[in-house]
Amino acid sequence: MNAASSRNFRKLMADNVLYICLIMMIVVIAVIAPSFLSLGVLTDILTQSAPRVVLAMGLLVVIISCGIDMTVGRLAGLSAIISGSLAQTVTYNLKFWPGLPEFPIFVPILVGLLVGLLVGCVTGMIVSRLRVPAFLATLGMQMIIYGASLLLINKKPNHSQPLAGYVTAFSDFGTGSIAGISYLAIIAIAVMILVHIMLTRTTLGKNIFAIGGNREAAIVAGINVHKIEIFTYALCGLLAGLAGVMLSARTGSATPSYGEGYELDAIASCIIGGASFTGGIGSVPGAFLGVIIFNVINYGLTFIGLSSYFQYIVKGLIIVFAVALDMRKYARNA
Amino acid sequence: MSEHSYVLEARNVSKSFPGVKALDHVTLKIRPGTVHALMGENGAGKSTLMKCIFGMYTMDEGEILIHGKAVPVAHPRDVMDLGVSMIHQELHAIPPQNVMENIWVGRIPHRKALGVKWVDKKRMYRETREIFQKLDLSIDPKVKVSTLSTSYCQLLEIARAVSFGAKVIIMDEPTSSLTEKEAEILFRIIKQLRSENVAIIYISHKIDEILQISDEVTIMRDGAVVGTWDANQMTTDLIVSRMVGREMTHRFPPRDHTPGEVWLEAAHVTSAAPRSFTDISFQVRRGEIFGIGGLVGAQRTELVESLFGLRAIASGQLSIHGVKVAITCAKDAIHNGMALLTEERRAKGIFGVLSLTDNMVMVRQNLKPPVYLGKSRILLDRKKRDADARKFADTLRIKAPSLKTRILTLSGGNQQKALVGRWLLTAPTILIMDEPTRGIDVGAKYEIYELMEQLAREGKCVIMVSSEMPELIGMSDRIMVMCEGHLSGILNREDATEEAVMALASTYKKNQGVDENERRE
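Going down the list, the protein sequences come from chains A and B. Note that numbering that gives the first Met the number 0 has the first sequence beginning at 0, numbered continuously upward. Note that numbering that gives the first Met the number 0 has the second sequence beginning at 0, numbered continuously upward.
The hints are simulated quantities; they were obtained by calculation from the structure and are not laboratory data. Predicted, not measured: the structure shown is a model, and the values here were computed from it. Quick reminder that beta carbons are idealized off the backbone N, C-alpha and C, glycines included. There could be a bad hint or two in this list.
Unchecked claim - Simulated coverage check for chain B against chain A, where a stretch passes if three residues somewhere in it have a Cβ under 8 Å from a Cβ of chain A:
{"hint": "1", "segment": "330-344"}
{"hint": "2", "segment": "348-360"}
Claimed, not checked - Cut-off 25 Å, straight-line C-alpha distance, at most; resulting in silico cross-link-like pairs (PhoX-like, lysine-lysine):
{"hint": "3", "chain 1": "A", "residue 1": "K94", "chain 2": "A", "residue 2": "K154"}
{"hint": "4", "chain 1": "B", "residue 1": "K68", "chain 2": "B", "residue 2": "K166"}
{"hint": "5", "chain 1": "B", "residue 1": "K180", "chain 2": "B", "residue 2": "K190"}
{"hint": "6", "chain 1": "B", "residue 1": "K143", "chain 2": "B", "residue 2": "K133"}
{"hint": "7", "chain 1": "B", "residue 1": "K323", "chain 2": "B", "residue 2": "K367"}
{"hint": "8", "chain 1": "B", "residue 1": "K116", "chain 2": "B", "residue 2": "K133"}
{"hint": "9", "chain 1": "B", "residue 1": "K403", "chain 2": "A", "residue 2": "K10"}
{"hint": "10", "chain 1": "B", "residue 1": "K330", "chain 2": "A", "residue 2": "K226"}
{"hint": "11", "chain 1": "A", "residue 1": "K226", "chain 2": "B", "residue 2": "K367"}
What the hints assert, rightly or not - Listed below are several chain B residues computed to face chain A (Cβ distance under 8 Å; list not exhaustive):
{"hint": "12", "residue": "Q364"}
{"hint": "13", "residue": "N365"}
{"hint": "14", "residue": "I377"}
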């Protein structure tokens, strides 16, 4: 009886390690600095996390299909620059495209999304059709995208200055809120819900899990593997584009360094959220919690007066610890 | 007789895989300087036993003795150092390296100078030459392995075993990819090794070969040893009856179906890949179980995968019910009422980490028009999916804790039944089953046979590729036998004997004597 209940307890701990981690962290931070537990702080974290949540959702889909996409951080940067450049006021003296008029804000947003979608499609073709290993293909694409960002922003009259001078509507989109919840958080939540439904409730989602679970078997089962693989990268690109727009609008600025390293954080979030590099496993709530944990660390450390540089050590420990626990879980099952 | 009269002994070895007892207290004793044949049907446990002896699998029970002393067999390298070598069915050569590097890989001769181990190429070359001379092989030690044919790679493995000073060499189906002439070379080398007091464990399905070269024969069945006999007391009939066992008559369900009209017709089908299969023509009737037999390398799997659109064909025509069809991908095949149960269940069948339900409905879910959508016409209706999975899990008697269970945790037999269920959900008219009972236990086997019988009764075409002779003969209405990518004959049920199938399975080999040097892989 006792042994059984202790086994159950251990199983409960192992299955919910992520929630326990998060709660423990919040408790520790709140004990040291009680004001951490305020609505303002929590919505702040949610808003801060929003672009990363959107990125992680795209990557999650790719990881479930047994792929990987290293481009998303840099792609968000490129999209931030392009969308930002189209959102500048005509009166701004360093206007990126001096000849162009002021657009309504759906134009920069849409173009930012389109950039992400296009690049994602190209990446998908390279991976699926040319069968270049995803890690290498997307690493190559990452460099190409970064180069394109640098070249683009170096254009006259900008000369590598950070973009600025956005129309207020665009900045409002990045900083405004409705009923205390920021637009960005609303977008992130909407993306999560859509991706979650897509993954769990549609044939497409089931096929993505199937391809990740066993690509050869998916081919035998008559699933159009190429089409779906390309779709996953296209979706991932689209969401990276969206994340770029969100970053640009929130900060009112854009440089090629935007999004740098975000892909690694997003991958780590998915993995500690239970997704597996071997494909076929992963969930939206898990990946979301992963992102939130990272941001709580980020935010919480400064909140309790520790150097934010500690965050890297804490994050690193969490990744190693979470995956090690996961491996043990599978070792028991096998 | 003292214990030391055996160079190698396996005592009471047991080994289980999930759902299957592969070896059940097996004992095998090998005398020095003899050729010991190990025979049995596929799945009898021969290869598993060898892998246990060789340290590739961990035994659940039992021990291995060399010269009467129990030895640990944790890793192939330990076993090789004890003087036991294994020539694998699959080759392990490293193609971009040259012959002598392959022979000495892992223990390359070296000189020490300045504290660094330098490769001693001269010694390596000299010692390689010596081994080749001893074996009477004419291979240049400096040539790249990638330029050698498969059969020479096999001889290389033997040379490698000799270079270890092996006292026991295990050969797993060594002649399956050799021509008659090359097999003669192998036999000569085996006799030479025997005269030098090396023991050979020789696994083969070819009874003639066994009778020709072996001294003792051990026969295995269903993971246990039937017995060991002197080879000169054995005949083909004796070997077959002991391999198959008495229960043969009860191993298959009563035959109660009658083939009807011709449904599937393949005419002169030739693979797009070179050296696969050529000019295969056959017809399958409704309500017929059509067996496809042949040896390893006969290209049977390649053929059925091509029929199903997974591999390209260069020429030939497929017709279903007299209508010509073009099938270029699995989707085409599925829409033409075909289903393919693949040979490799893990590699090409199951989605291991997904649930039983997901695994079972995966094909039907992708059919047009969609069947599982709810009222929204976009989202899947979980109840409909679960109901389908439940229905077939029940009829096929799949044992699983729940429909949500990850399929990889189930036994091989239950996995196979789930895959059968996956295809039955698409209501196919042509069901291709590639090695349908491989690696599953006897009970599940019988259920699969019953199912095939039932499908034939319902008027479906059942095509079964099988390497298990009793299954092929016991279940099929007709048997098409292939040999090295050619159709060597189609046998009617009345004429289908083991000997007739075996004869056809090696026909092309004998008649054509294809030059293996040109059949590089």
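For each hint, the structure was consulted:
no.: 1; hint: 330-344; in the structure: holds (count 5)
no.: 2; hint: 348-360; in the structure: holds (count 7)
no.: 3; hint: K94/A with K154/A; in the structure: holds, 11 Å
no.: 4; hint: K68/B with K166/B; in the structure: holds, 15 Å
no.: 5; hint: K180/B with K190/B; in the structure: holds, 16 Å
no.: 6; hint: K143/B with K133/B; in the structure: holds, 21 Å
no.: 7; hint: K323/B with K367/B; in the structure: holds, 22 Å
no.: 8; hint: K116/B with K133/B; in the structure: violated, 29 Å
no.: 9; hint: K403/B with K10/A; in the structure: holds, 18 Å
no.: 10; hint: K330/B with K226/A; in the structure: holds, 13 Å
no.: 11; hint: K226/A with K367/B; in the structure: holds, 17 Å
no.: 12; hint: Q364; in the structure: holds, 5 Å
no.: 13; hint: N365; in the structure: holds, 6 Å
no.: 14; hint: I377; in the structure: holds, 7 Å
The structure shown violates just one earlier hint, number 8.
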